[in-house]
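Enquirer: Given next are the chains, with one letter for each unit.
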Amino acid sequence: MEQPVSTGAKDGQAPLPIGNLVFKLVTNLFLLLLLVLLGGVLGAMVFYVRWDEFVASILDPESLFALKLTAICVTASTALCLVVGIPVAYALSRQQVPLGIVVDTIIDLPLVLPQLIAGIALLMFFQTSLGVWIETHIMGFVYRTPGIVLAIFFPTVSLAVRSMKAAFDGVDRRYEQVARTLGCTETQAFWKVSLPLARTGLVAGTVLTWAYSLGAFGSILMFAGATRYKTTVVPIAIFLNMTTGKITAGLSLTIVLLALAVISLFAFKRLGGRATIA
Amino acid sequence: MSRRKICTMLVVFAVVGLTLAGCGRRQAEPSATTAPARQGTAAALRVWIPCGLAGYMEAFSKALTGDGNSVFDVEYEIVNVWGLVEQLASADPKPDFIIMPGDLELKELDAKGQLSEKPVAWAYNQIAVLTPKANPAKLESFTDLAKATKVILSPPSTSTGYYAEQALKKAGLLEKVKKHLIVPETPAEMYRQLADGEAQAALAYAGCAFPAPTYEKGATSVKASNLPAQAPEDNKQRSVIVLGPVPEEYSTPFPACMAIPKDAPHPEWARQALANLLSDEAQADIALWMPKPARETELAKKRVGLHMYCGAGLRPPIEKLAKAFEEKHRNVRLNVSYAGSGCLLAQLTFAKRGDLYMPGEAFYLDQAKKRGFLVEEAQIAYFVPVILVAKGNPKGVKGLEDLLRPDVKVGIGEPEACAVGRVTKIILQRAGLWEKIEKRQQIRRALNVPELAYWVSLGSVDAAVVWQAQAKQFADKCDAVPVPSKYYDPVDISIGLLKFSKNPDMAQRFIQFVSSPEGKAVFREAGYALEPTGK
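From first to last, the protein sequence lines are chains A and B.
Counting in the numbering used here, the first sequence runs from 1 upward without gaps.
Counting in the numbering used here, the second sequence runs from 1 upward without gaps.
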């Protein structure tokens with residue numbers, strides 16, 4: 001207060017209003033800059049396509065097929081992530097897993113693996129005796145439609161586990177302990193207490209997984225291939241359109257993908273806000 | 001350990017498969033060539049064939065003799081379809097067998113009581129649009145015939161003439177075309193007029209695009225042995241090209257028939273030949289070079305799935321061909337997976353499955369070959385480099401020299417990364433411009449062709465050397481300026497049969513189909529060259 005011109009807070013001294021203002025201004029400026037940048041880049045893409053062209057491209061049977069296939073595969077993969085993710089997340093959150101940090105790291109690995117390599121890894125796996133056995137006795141995956149689900153599942157399951165573990169971490173263990181003292185078995189405590197309390201967090205995690213799955217590309221391209229009317233989920237259809245000069249068709253599908261992502265991310269944020277209550 | 005076992009088993013399977021496939025071919029080849037070679041022996045089935053089918057004589061020999069398993073050989077006489085009735089009446093001795101590309105001629109013979117039994121369809125045929133190689137009227141489809149000023153039709157008494165007229169009538173083109181109609185005296189005359197450019201188009205069979213035998217004035221037929229050696233796929237010396245079949249909405253396929261004349265010297269052989277031509281193998285083979293086989297074959301009942309790895313840039317022609325192939329072989333599901341050629345190579349290397357590989361660059365096929373993945377390969381078409389500029393050519397780029405102009409922003413493919421880059425470098429080196437271009441500041445380097453095309457279409461560069469095929473795909477936003485062919489070597493595109501294939505026979509059929517005149521016509525339409533351009 002004695003030195004109104006100073007720009008920063010010195011140790012022990014109270015922060016100066018003008019310094020606060022500048023700091024606030026700078027951070028907000030960067031925020032604005034990023035927003036303009038993102039808005040400009042995405043907007044340029046969105047406004048490149050005329051409305052009538054957009055409608056025509058989306059109503060094209062190939063685009064409709066891609067949208068339908070994507071909805072099915074992404075949902076199936078997300079369901080699979082849920083089935084696997086909930087027990088794994090619970091185990092990681094509640095128990096002392098031996099070599100916990102190693103297990104945790106292994107589960108995170110697919111997140112950093114380039115998707116193309118994830119696809120190659122899946123191809124390699126299906127060349128091993130176990131993989132061959134699965135293909136002959138259970139179902140075929142390589143270059144087939146079920147392969148898409150697997151190609152989405154593999155790189156996204158880590159994300160599902162991560163977000164669901166956060167949901168379980170948010171539930172105070174004491175509620176479970178109280179339930180146990182009131183006579184619940186561990187299974188009952190999970191079903192009656194932990195799961196309901198973590199519900200919003202789990203739903204948020206599911207939505208995030210679903211949104212993230214929409215963009216899966218490299219692993220699908222490698223493992224399921226880009227075959228028309230067979231494995232052309234939206235990102236693959238975009239790729240095929242782009243390589244053969246159908247810019248409008250590619251961009252139109254991209255816009256739909258963006259819209260879906262916006263809706264689901266929005267939902268995630270809303271749910272995520274409530275997820276911390278427990 | 002068990003993984004190693006699986007690997008060994010795979011290798012063994014591949015080797016066995018390879019050997020079997022290889023043996024099959026080795027047996028097939030001699031029989032196709034020996035049949036005509038043994039011509040003239042006493043034990044020959046004398047077959048009348050029109051010039052429009054003469055290009056397929058080898059295939060017919062194989063089919064008629066049941067792949068060389070019959071007691072007789074085949075001897076051909078090329079007949080003029082336009083006067084078949086008179087020819088048969090005066091023929092002595094009579095032929096054993098007549099094969100026609102249509103049905104009306106044989107029905108007429110049957111009505112006159114000149115056949116031993118009713119004619120039988122051996123396939124279904126379709127009228128096609130033929131043009132001189134240069135395509136002077138720049139026709140693109142059947143309906144474009146309205147633009148042509150000299151069109152050839154066969155006489156209306158023939159199947160060709162009749163069905164062609166019906167198609168024109170249905171398309172409402174008959175009156176227009178009739179104004180400048182040419183009706184030649186013989187089919188050979190028609191071929192000559194097309195080849196010499198005297199006519200701009202003809203409605204005939206696809207087979208009529210092959211060089212026909214020369215008829216002596218007044219002669220009605222010519223001995224097959226007088227024919228120059230010719231292979232149906234030999235497109236290099238072709239002077240007449242097939243633009244494509246008349247769309248089915250104007251002309252549905254009609255039966256192509258065969259018959260045994262009354263008083264045929266060898267009726268039992270003829271009946272055997274007829275049965276042979278309808279056998280599963282023969283019908284499956286016929287399906288490859290005729291619009292439709294006569295019947296669904298046994299081969300057609302076995303469901304077959306083929307997986308093809310295809311360079312993403314080749315999608316337009318391959319998509320069309322895959323669809324046409326599936327229509328011909330209803331039992332086949334041809335799954336074409338598109339991606340970058342290198343990406344595909346990685347896929348097939350690791351997945352060790354799939355049937356066909358067609359990368360956009362020969363380099364990758366060579367890599368696959370080096371790794372021992374290829375059983376055979378076939379050369380299909382060539383890339384044609386062009387300079388891509390924005391629609392209307394706003395910067396007025398007329399040739400390679402303009403790439404040096406300071407006001408022209410240039411994009412080039414990275415020579416190390418993609419074929420178009422390598423070729424661009426050669427072109428500019430030969431034009432003596434490479435060093436100057438390299439020194440230019442305003443130059444953007446792309447890793448693949450679509451990238452270059454996008455830059456031009458979005459206006460971030462003014463000119464880039466790309467393939468004509470991409471120029472066609474971006475035709476609504478870009479124009480192409482030709483590159484003189486003396487500056488580059490032909491850049492070829494090939495398709496390979498993979499050793500992993502579980503259905504090598506069917507995969508091979510697709511290769512044959514893509515290499516056929518029909519298949520190559522699709523590539524030409526998509527902007528590829530069928531003959532090596534460049535020096």
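A few of these clues could be false.
[Stated by the list, open to error] With a straight-line cut-off of 30 Å between C-alpha atoms, the simulated DSS-like cross-links for lysine-lysine are:
{"no.": "1", "chain 1": "B", "residue 1": "Lys477", "chain 2": "A", "residue 2": "Lys246"}
{"no.": "2", "chain 1": "B", "residue 1": "Lys502", "chain 2": "A", "residue 2": "Lys230"}
{"no.": "3", "chain 1": "A", "residue 1": "Lys246", "chain 2": "B", "residue 2": "Lys398"}
{"no.": "4", "chain 1": "A", "residue 1": "Lys230", "chain 2": "B", "residue 2": "Lys472"}
{"no.": "5", "chain 1": "A", "residue 1": "Lys230", "chain 2": "B", "residue 2": "Lys107"}
{"no.": "6", "chain 1": "B", "residue 1": "Lys138", "chain 2": "B", "residue 2": "Lys150"}
{"no.": "7", "chain 1": "B", "residue 1": "Lys320", "chain 2": "A", "residue 2": "Lys230"}
{"no.": "8", "chain 1": "B", "residue 1": "Lys425", "chain 2": "A", "residue 2": "Lys246"}
{"no.": "9", "chain 1": "B", "residue 1": "Lys176", "chain 2": "A", "residue 2": "Lys246"}
{"no.": "10", "chain 1": "A", "residue 1": "Lys246", "chain 2": "B", "residue 2": "Lys320"}
{"no.": "11", "chain 1": "B", "residue 1": "Lys170", "chain 2": "A", "residue 2": "Lys246"}
{"no.": "12", "chain 1": "B", "residue 1": "Lys323", "chain 2": "A", "residue 2": "Lys68"}
{"no.": "13", "chain 1": "A", "residue 1": "Lys246", "chain 2": "B", "residue 2": "Lys150"}
{"no.": "14", "chain 1": "A", "residue 1": "Lys230", "chain 2": "B", "residue 2": "Lys352"}
{"no.": "15", "chain 1": "B", "residue 1": "Lys409", "chain 2": "A", "residue 2": "Lys230"}
{"no.": "16", "chain 1": "B", "residue 1": "Lys118", "chain 2": "A", "residue 2": "Lys68"}
{"no.": "17", "chain 1": "A", "residue 1": "Lys230", "chain 2": "B", "residue 2": "Lys369"}
{"no.": "18", "chain 1": "B", "residue 1": "Lys138", "chain 2": "A", "residue 2": "Lys230"}
{"no.": "19", "chain 1": "B", "residue 1": "Lys502", "chain 2": "A", "residue 2": "Lys246"}
{"no.": "20", "chain 1": "B", "residue 1": "Lys178", "chain 2": "A", "residue 2": "Lys246"}
{"no.": "21", "chain 1": "B", "residue 1": "Lys477", "chain 2": "A", "residue 2": "Lys269"}
{"no.": "22", "chain 1": "B", "residue 1": "Lys138", "chain 2": "B", "residue 2": "Lys178"}
{"no.": "23", "chain 1": "B", "residue 1": "Lys170", "chain 2": "B", "residue 2": "Lys323"}
{"no.": "24", "chain 1": "B", "residue 1": "Lys409", "chain 2": "A", "residue 2": "Lys246"}
Keep in mind that the hints were calculated from the coordinates and are not lab data.
Enquirer: Each hint: holds or not?
Expert: Now for the hints, and whether the structure bears them out:
1. Lys477(B) with Lys246(A): 11 Å, holds
2. Lys502(B) with Lys230(A): Distance ~20 Å between Lys502(B) and Lys230(A) Cα, so the pair holds.
3. Lys246(A) with Lys398(B): Given that 30 Å is the threshold and the Cα spacing comes to 27 Å, the pair holds.
4. Lys230(A) with Lys472(B): 26 Å, holds
5. Lys230(A) with Lys107(B): 46 Å, violated
6. Lys138(B) with Lys150(B): 13 Å, holds
7. Lys320(B) with Lys230(A): 16 Å, holds
8. Lys425(B) with Lys246(A): With a Cα-Cα distance of about 28 Å, the restraint between Lys425(B) and Lys246(A) holds, given a limit of 30 Å.
9. Lys176(B) with Lys246(A): 37 Å, violated
10. Lys246(A) with Lys320(B): Holds, at roughly 16 Å.
11. Lys170(B) with Lys246(A): Not OK: Lys170(B) and Lys246(A) at ~34 Å, beyond 30 Å, violated.
12. Lys323(B) with Lys68(A): Holds, at about 22 Å.
13. Lys246(A) with Lys150(B): The given pair, whose Cα atoms are some 37 Å apart, is violated under the 30 Å limit.
14. Lys230(A) with Lys352(B): 20 Å, holds
15. Lys409(B) with Lys230(A): 41 Å, violated
16. Lys118(B) with Lys68(A): 53 Å, violated
17. Lys230(A) with Lys369(B): Given pair Lys230(A), Lys369(B) holds - Cα atoms ~28 Å apart, limit 30 Å.
18. Lys138(B) with Lys230(A): Answer violated: Lys138(B) to Lys230(A) is near 37 Å, above 30 Å.
19. Lys502(B) with Lys246(A): 34 Å, violated
20. Lys178(B) with Lys246(A): 40 Å, violated
21. Lys477(B) with Lys269(A): 41 Å, violated
22. Lys138(B) with Lys178(B): 19 Å, holds
23. Lys170(B) with Lys323(B): 26 Å, holds
24. Lys409(B) with Lys246(A): With Cα atoms ~24 Å apart, Lys409(B) and Lys246(A) stay inside 30 Å; holds.
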